[in-house]
Amino acid sequence: MKNKKFLSVLCAAAMAMTMLAGCGSTAGSGEAAEGAATAQEEKANAELEESTDTYDHEAIENAGDITITMMVSGTAAENDFETEVLPELINKKWPNLTLEVTKLPDDNYYTSLKTKLASGECPDIILTQPMYAGQNSCYALADAGYLAPLNDMDFVAKMPDLSAVTYDGKLVTATNSVSILGTYYNKAIFEEAGIKDVPKTWDEFLEDCEKIKAAGHTPIVMGDKDQYVLQFGLYQIAANEIYPKDAEYDQKLRTGETAFTDEGTWDTVLSMYNELYENGYIDATQSLGYGASQAITDFIDGKAAMTFDGSFNAAAILGQGEGGDFERGYFPIPAKSGDTHTATCLSAGYSIYSGSEYVDECKELIDYWFNGESDVWDAYVATGRFIVTYGNGADSIPNSDLFAPFIELLNQDKGHHWCNQAWPAGTENTMEELFSEMIGGQGTTVEDITNGMQDKFEDLLDE
Amino acid sequence: MKKKRDKALVFSNKMYLFLIPALSFFLILWVYPVLQLFYYSVTNFNGIDYNYDFVGLKNYIKIFENGSVINSIGNTLIYTLVVVVLSNVLGLAAAMALNTKIHFKGLFRTTAYFPALFSAIVVGFIWTYVYMPSSGMIASLISLFGGDGSTFNPLGDFNVALFAIALVEVWKSFGTTMIIYLAGLQTVDESLLEAGRIDGCTEWQLMRKVKLPLISSTITINVILNVIAGLKAFDYSFIMTNGGPGKSTKTLMFQIYEIAFTDQKMGRASAFSVVSFLVIIAITVAMLFIMNKREVEL
Chain R
1 MKNKKFLSVL CAAAMAMTML AGCGSTAGSG EAAEGAATAQ EEKANAELEE
51 STDTYDHEAI ENAGDITITM MVSGTAAEND FETEVLPELI NKKWPNLTLE
101 VTKLPDDNYY TSLKTKLASG ECPDIILTQP MYAGQNSCYA LADAGYLAPL
151 NDMDFVAKMP DLSAVTYDGK LVTATNSVSI LGTYYNKAIF EEAGIKDVPK
201 TWDEFLEDCE KIKAAGHTPI VMGDKDQYVL QFGLYQIAAN EIYPKDAEYD
251 QKLRTGETAF TDEGTWDTVL SMYNELYENG YIDATQSLGY GASQAITDFI
301 DGKAAMTFDG SFNAAAILGQ GEGGDFERGY FPIPAKSGDT HTATCLSAGY
351 SIYSGSEYVD ECKELIDYWF NGESDVWDAY VATGRFIVTY GNGADSIPNS
401 DLFAPFIELL NQDKGHHWCN QAWPAGTENT MEELFSEMIG GQGTTVEDIT
451 NGMQDKFEDL LDE
Chain E
1 MKKKRDKALV FSNKMYLFLI PALSFFLILW VYPVLQLFYY SVTNFNGIDY
51 NYDFVGLKNY IKIFENGSVI NSIGNTLIYT LVVVVLSNVL GLAAAMALNT
101 KIHFKGLFRT TAYFPALFSA IVVGFIWTYV YMPSSGMIAS LISLFGGDGS
151 TFNPLGDFNV ALFAIALVEV WKSFGTTMII YLAGLQTVDE SLLEAGRIDG
201 CTEWQLMRKV KLPLISSTIT INVILNVIAG LKAFDYSFIM TNGGPGKSTK
251 TLMFQIYEIA FTDQKMGRAS AFSVVSFLVI IAITVAMLFI MNKREVEL
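Residue numbers (the numbering used here), protein chains in the order written: chain R, 1 to 463; chain E, 1 to 298.
Extracted from the complex, chain R is given alone in its bound form (with noise of 0.2 Å):
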């Protein structure tokens, strides 16, 4: 009993000393984080540095038998691309040279990566997202120095923008695909409410929601229930109505210069989303009970004329349902003002772990894959999977046609990154749960919103 005793004083000074060790260096190390993150936003700011070295063009060849292994997320399907096409074709290019890929589901992904680069074990290629997305974003890795630098990497001449994936100067992803945001609709439900083109301003996109109604039909179908759907809507608008005013919002976020709760922007989008439910185009009684997936199926079902998707789903929303085959198209939602811009953006890449022993032979073996002509450039095509901007195949990519008006928005400088690749990790999440709240008639209000939003954002910025 006594020693029991003991052992809990003994815990608890254990903990108060911990604590008020913490309390004697907070000032100090508040002060330091207030500066690290300004450091880190002039890191994220920073331009491309121009490589004058390169690395060695023949370091595979020179390195004897070899094995690079590479870790990315996803599930592998049949004849996968990664786990099985890519190690075959490298195989055969360098016979000897082993690559090993590991494809890990999005949630084993993170927690794989964060235990093998706190233990030095990170293997050589991983796969990170452009900013701040994600636990794998490409800052917050190169923020703690686990990512080397590729700017002398010959792919980066092919690629017009790659300030996305640049940090501090340093390129630190090699990417060469991008991802798009976009309403699908069913060109048959479009046709028989007398819709004969797609929208080109948003008050016409109502029009014809109200068309489609008046029709019979269910203009909008979404899968509120996983609430990261939200941001499919979301994002396109905010494309249209906050980043042609002000490019730079995003990065003014962080310095304090802008704010969620600034007249015009994020109100704006809020509310113009906002007014899809509102006038019934989407359903949020049904929306918030249905999964993403039951929004697809019941789209390819033809049980609705749209819904708001990426382009990494192209695959499932072109797919066959219980509406047959019926003709499909893709395009950004309008801008008020009619001259539209798009949500489309560099898709996730690959780094090379800076503590690698192979880094000259991956950037030769990336180079090789990104080279525009290789066997495995066209197998990569191939997949369908990535919309790649140079290059064989470029021009034919599976569903070019579909894509074709983003690309073209996109080359007229009207892309955009997708807002939360800008944000702390997080902030998105509170715009959904609050926006979810709206639309549930929980009482919350778009000031709400607006509010909740920068709260968080200053919170999640807050070391």
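Any given hint might turn out to be false.
[To be verified] Cut-off 27 Å, straight-line C-alpha distance, at most; resulting in silico cross-link-like pairs (DSSO-like, lysine-lysine): (1) K252/R x K62/E; (2) K336/R x K187/R; (3) K158/R x K414/R; (4) K211/R x K303/R; (5) K232/E x K114/R; (6) K92/R x K196/R; (7) K114/R x K62/E; (8) K62/E x K232/E; (9) K232/E x K293/E.
[Unchecked claim] Computed spacing ranges between beta-carbons, pair by pair: (10) L35/E x A157/R: 51 to 61 Å; (11) Q320/R x L278/E: 48 to 58 Å; (12) S150/E x D325/R: 21 to 31 Å; (13) G67/E x G256/R: 19 to 29 Å; (14) L19/E x T75/R: 41 to 51 Å; (15) E203/E x T445/R: 28 to 38 Å; (16) D80/R x A286/E: 45 to 55 Å; (17) A144/R x I28/E: 20 to 30 Å.
Calculated directly from the structure, the hints in this document are not laboratory data.
Just so it is clear, CB atoms sit at the ideal spot from N, CA and C, and this is done for glycine as well.
Add chain E to chain R, keeping to what the hints say.
Then chain E, alone, in the frame of chain R:
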């Protein structure tokens, strides 16, 4: 004295050496990580960058400041209450019924326990489709009987979603509760029941005055197990609703997961875990104290 100890026939002191491997695993893989939790709770560790700073009690202050604890504790307590009450009432009723001499007793017992054999992931997915609006199982049945199945949407309703996922937990766990009650009921001496019947007790009086007092320790076990399961609720919030709609199904454990892995604030998540640990300990100890006292009274 030492010599005498070494000669012990049942458990020689040298045998303690064999505890070392298991104890090492326990200390390294369980005790050490738990102690690390306390350590991380006073840092700004983000789960990625190991160059973190000490921030004192800031994490603790933050979690109370932004009200996330209050919302998730509220949801967790409601969830726990539903699980404890329904699981015990249904489990006890099923145990009583299946402790009588009826045909196909074995089949009924197996069927009642069957849901407990599935993993939470499987159960969560099944019930997502059961609850789905329009074409889900319940909505289809409503439509079949002339009702409007399209309006049935428990997971999309802010006021109902928490109860809907708690019911799934009850469905899965009441079989286990029933088995424990069944074991308890089988320890009740038949002669006591017979004596009661001779004295003119009704079946209700036998249950209230004889059976329940005799299985009071079983009730304590079941209530405590269900309280702990309820307070640790995570699976169905994660699988079926992802904490939504809004924040209506966010439990303590879900909130910790979100802070740690979405917000990437491992330090704050650790502080949240410490608070949850204390809350769960306090509630469990209080429940044990009350239940034990009640056992003595019975």
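Which numbered conditions among the earlier hints are violated in the structure presented, ordered from lowest to highest? The structure breaks hints 6, 15; every other hint is satisfied.
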